[in-house]
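Chemist: Take a look at the letters that make up each chain.
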Amino acid sequence: MIGSIPLGDVLLASGALFTIGLAGALLRRSAISIFLSIEVMMNAANLALIGYGSALGTLEGQVVVFFIIAIAAAEASVGLAIFVALFRHKETIDVNRINLLKW
Amino acid sequence: MTTQRLVFDAAAVLTILFAAVMTVHRHPVKSVLALVVSFFGLAVCYVMLSAPFIAAIQVIVYAGAILVLFLFVLMLLNVGEETRERDPRPIQRALAGVALVLFAGMLLGLLRAHGAAIAAPRDALTADVAPLARLLFASYLLPFEALSVLLLAALVGAFVLARRETDS
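First to last, the protein sequences are chains H and X. Residue 1085 in the numbering used here sits at position 56 of the first sequence; the count goes up by one each step and never skips. Residue 104 in the numbering used here sits at position 78 of the second sequence; the count goes up by one each step and never skips.
Calculated from the structure, these hints are not laboratory results. Keep in mind that this is a model prediction, so the values were computed, not measured. Treat the hints with care, since some could be wrong.
Said to hold, decoys possible - Selected chain X positions facing chain H (Cβ under 7 Å, derived; list incomplete):
#: 1; residue: L68
#: 2; residue: V87
#: 3; residue: V99
#: 4; residue: L158
#: 5; residue: L177
#: 6; residue: A180
#: 7; residue: G183
#: 8; residue: A188
Virtual Cβ for every residue (Gly too), placed ideally from N, Cα, C.
Construct all of the structure, not just a fragment, from the sequences and the given hints.
Modeler: Set out below in structure tokens:
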């Protein structure tokens, strides 16, 4: 219990959010949509961390989430730069057409 | 059911709903805009879980910076709607669907088993930011500084990757 919020609610929301993110990452074809889905999965993990941190009465959960958000910013900038470079070479970011590394 | 729980549940439902909208939309710009709403809902959840600083960061950094970066790149590349075309490997999609259902079931079972296993908090968290800052700049100072180097490396990496090739 956090105040009057049961931890089960938080974990359920986190699990649902993670599953939706996974669905997007598996079923979409645009590389940017897949990237957005990965962001959703990361936020699901953040929600679970904050929920556990609050339930245990510690601040460590919030510190870890702070670091995760900063790393997500770094990851987004590098990932989007990769997409820009890729688009310049292939004129598409459809992952079905990007198969340079496939045998 | 208290107000706090009611607000949390409503915000969580909004978050999940708009995340689902993001997933099903074929147009990437609309996906990003749905995700902005979803992240605002998540910020409300964080406030309800007595983490107002993280809620502010969520709005400023995630909704304000990262998603705007996504929008910039989408408009730079002029990415349109995903075309409806026949999948070259339909079996792969079916398998992905099956894996997804299995994963959702596993996650649900795991969370149901674990949700009630946490003892009551020793002391309730306050909305004060000062204890968090003390923790961040004392116990976690080294990771914090390492993070600034990481961000610098990401900045340089993004610049090098996105630069136009010039043959000198």
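Chemist: Compare the structure with each hint and give your call.
Modeler: For each hint, the structure was consulted:
1. L68: Status holds, d = 6 Å.
2. V87: 6 Å, holds
3. V99: 5 Å, holds
4. L158: 5 Å, holds
5. L177: 5 Å, holds
6. A180: 4 Å, holds
7. G183: 5 Å, holds
8. A188: 4 Å, holds
In summary, this structure violates none of the numbered hints.
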